[in-house]
Amino acid sequence: MLLHDTALVYGRYLRQSLRSRFALLFGVLMPLLYLLFFGPLLTDLPLGAGGSSWQVLVPGLLLQLGLFGASFAGFSIIIEKGHGVVERMRVTPVSRLALLLGRVLRDATVFVFQAVLLVLAAVVMGLRAPVAGVLIGFAFVALLTLSLAALSYALAMRMDTPQSFGPAVNALTMPSMLLSGLMLPMTLGPAWLDALSHLMPFRYLVDAVRDAYVGSYATPHMLYGALVAVGLTALSVTVGTRVFRTA
Amino acid sequence: MAIISTAGLARTFLTKNGPVEAVRSIDLTVREGEILGFLGPNGAGKTTTLRMLTTLLAPTGGAATVAGCDLATDAAGVRRACGYVAQSGGVDPQISVREELLTQGRLYRLTRTQAVERAGELARDLDLTGLLDRKCGALSGGQRRRLDIAMALTHRPKVLFLDEPTTGLDPGSRADLWDLVRRLRDEHGTTVFLTTHYLDEADALSDRLVVVDHGVVVAEGTPSALKLRYGGSLDASLQDTFLAITGRSAAPADQTPVAV
Ligand SMILES: Nc1ncnc2c1ncn2[C@@H]1O[C@H](COP(=O)(O)OP(=O)(O)OP(=O)(O)O)[C@@H](O)[C@H]1O
Ligand SMILES: [Mg+2]
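So the protein lines, in turn, are chains C and U. Per the numbering used here: the first sequence = residues 1 to 247. Per the numbering used here: the second sequence = residues 1 to 260.
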């Protein structure tokens, strides 16, 4: 039943995404601009990491794409709540977990699609990375999208207006982006900043994806990254389902 | 036999400005196959009660059973037995009528073929056949309401909750909806629990009325019993009876001081 319901909810929201193809492409615009106008600034800088500057930047941009895209996923559910669609579904026997999973899996699908576009553009710009590493990168960011989207839906279920939701999400995502070293490695900064950034779960994800992009798969970064990603996903989906059950 | 029974059902909302006791304590029973008119002024707690009885909102006090299923312990059973038309509907304006009907069927666990078949039947019953390929957002108010009702009937529920189903409908559509409600009861034995602010509608349609105010039941009985008791005579209008019950105007004539 869970599978049936999840597939049903997933299909409904995937069709919704396909109806707004413009938004689908618009999502990649911001990281694409960073790639085009910020990326070239880094090519000759010593970033203190193995590989080219693209192998440092692109993993950060992928996570940025996931971070911003998924954090605002909740907007759509605020609109749906206004139309009464959420209550209409919650009145049916449909699985509560499926109401959440179908939506976050759609978000992960959209993200992976956008991530592929971004990586293709990066290859044109000069990125060279092992295929396995790139695939691992997609997996990490899919997990990030799943968990952030779940949290975003959970938060949105508790809010009534987009006006209160937007600022709340912004207040959370901006520091997360800056503190996790998505643009430049945190190791370049002073020790206090580096230490502070270790409190950010995304820091571990970006370190892991950067390792993957230079072909080092058996590293402590990879282990921590994987643990954080799985832990975060489990936690977020639990929180999200609970909110869908009771909200 | 009681298909719905509640005891001390209550819901308090915690808001920034302190607690709001939307429903204080509701005790009522509804017999199988009955059409119950649930009346009360704005803010009386009607929608909140319906949302509790349909498992959307957890009660903060009391207990209830719907179709033999306990609200607190068998939400799944309650959901299978109930259809609910919310006060403000529940369809996505970007999606076509056909897709919404099909999705609803699938949410109620019909197979794809069954869902297609059921969508066709519902469209015929509620006069939506010509509108199946329209976006829900492009329907008129009355057409939207018929769609909302079709969605709630998808699984042929034993109990149908209608929250102000005829608000915004023209007289013809209202009469059609009354016919539909009667037909559901007569042909399928469906129990109908409906709220309305149109007292002529409550009068014409309901077997029994329950009037709530400030979150408690303040009167109940058949329309004529209430008229006799609160309106002073069988010929009293339900309007005057209602106003007398909820204290929103002068008391019934026989209690009014002669000097006035
Ligand atoms: N989510 C909520 N949070 C806080 N207060 C609420 C909430 N929902 C309803 N209320 C309050 O509870 C009371 C009862 O509301 P309810 O919607 O049940 O009334 P109603 O009888 O359906 O009224 P109407 O006839 O206007 O639809 C109102 O005072 C309302 O403001
Ligand atoms: Mg109401």
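These are computed hints drawn from the structure, not numbers from a lab. Possibly wrong hints are sitting among the right ones.
What the hints assert, rightly or not - Footprint (simulated), chain C over chain U, 3 or more residues, beta carbon under 8 Å:
1. 75–81
2. 100–109
3. 112–120
4. 174–187
To be verified - If the Cβ cut is set under 7 Å, some of the chain C residues that face chain U in the computed set are:
5. R12
6. S76
7. I79
8. H83
9. G84
10. V85
11. E87
12. R90
13. V91
14. P93
15. V94
Said to hold, decoys possible - Computed cross-link-like contacts, EDC-like style, restricted to lysine to aspartate or glutamate with a CA-CA straight-line distance of at most 16 Å:
16. U:K158 - U:E117
17. U:K158 - U:D240
18. U:K135 - U:D92
19. C:K81 - U:D92
20. U:K158 - U:D27
21. U:K16 - C:E87
Predicted model only: the values in this text are computed from it and were never measured. Glycine included, each C-beta is placed from N, C-alpha and C at the ideal position.
Hint by hint, here is what the structure shows:
Residues of the stretch 75–81 of chain U lying with their CB closer than 8 Å to a CB of chain C number 3, which satisfies the three-residue condition for coverage. By the rule of at least three residues with a Cβ nearer than 8 Å to a Cβ of chain C, the coverage given for the stretch 100–109 of chain U holds, with 6 such residues. Three residues within the 8 Å Cβ limit are the bar, and the stretch 112–120 of chain U against chain C gives 0, so the coverage statement is violated. Only residues whose beta carbon comes within less than 8 Å of a beta carbon in chain C count, and the stretch 174–187 of chain U has 0; fewer than three means the coverage is violated.
The restraint placing R12 (chain C) at the interface with chain U holds, with a minimum CB-CB distance near 6 Å, inside the 7 Å limit. The closest approach between the C-beta of S76 (chain C) and any C-beta of chain U is roughly 10 Å, which is over the 7 Å cut-off, so the hint fails. For I79 (chain C), the interface hint is violated, the least distance from its beta-carbon to any beta-carbon of chain U being 9 Å, above 7 Å. Interface hint status for H83 (chain C): upheld, as the beta-carbon distance to the closest one in chain U is roughly 6 Å, under 7 Å.
The beta carbon of G84 (chain C) is positioned within 7 Å of a beta carbon in chain U (closest approach about 4 Å), and the interface hint is therefore held. Because the beta carbon of V85 (chain C) sits about 5 Å from the nearest beta carbon in chain U, less than 7 Å, this interface hint is met. Because the beta carbon of E87 (chain C) sits about 6 Å from the nearest beta carbon in chain U, less than 7 Å, this interface hint is met. Interface hint status for R90 (chain C): upheld, as the beta-carbon distance to the closest one in chain U is roughly 6 Å, under 7 Å.
This hint holds: V91 (chain C) has a C-beta 5 Å from the nearest C-beta of chain U, less than the 7 Å allowed. Look at P93 (chain C): its Cβ gets to within about 5 Å of chain U, closer than 7 Å, so that hint holds up. Look at V94 (chain C): its Cβ gets to within about 5 Å of chain U, closer than 7 Å, so that hint holds up. A hinted pair counts as satisfied when its Cα atoms are at most 16 Å apart, and K158 (chain U) with E117 (chain U) does not qualify at roughly 20 Å.
At most 16 Å may separate the alpha-carbon atoms for a hinted pair to count; K158 (chain U) and D240 (chain U) exceed this at roughly 33 Å. Between the alpha carbons of K135 (chain U) and D92 (chain U) the distance comes to roughly 9 Å, so the proposed pair stays at or under 16 Å and holds. Among the hinted pairs, K81 (chain C) with D92 (chain U) is consistent with the structure: their alpha-carbon atoms are about 10 Å apart, no more than 16 Å. For the given pair, K158 (chain U) sits about 21 Å from D27 (chain U) by alpha-carbon distance, which is inconsistent with the 16 Å threshold.
Note on K16 (chain U) and E87 (chain C): the hinted pairing is violated, with a Cα-Cα distance of about 23 Å set against a maximum of 16 Å.
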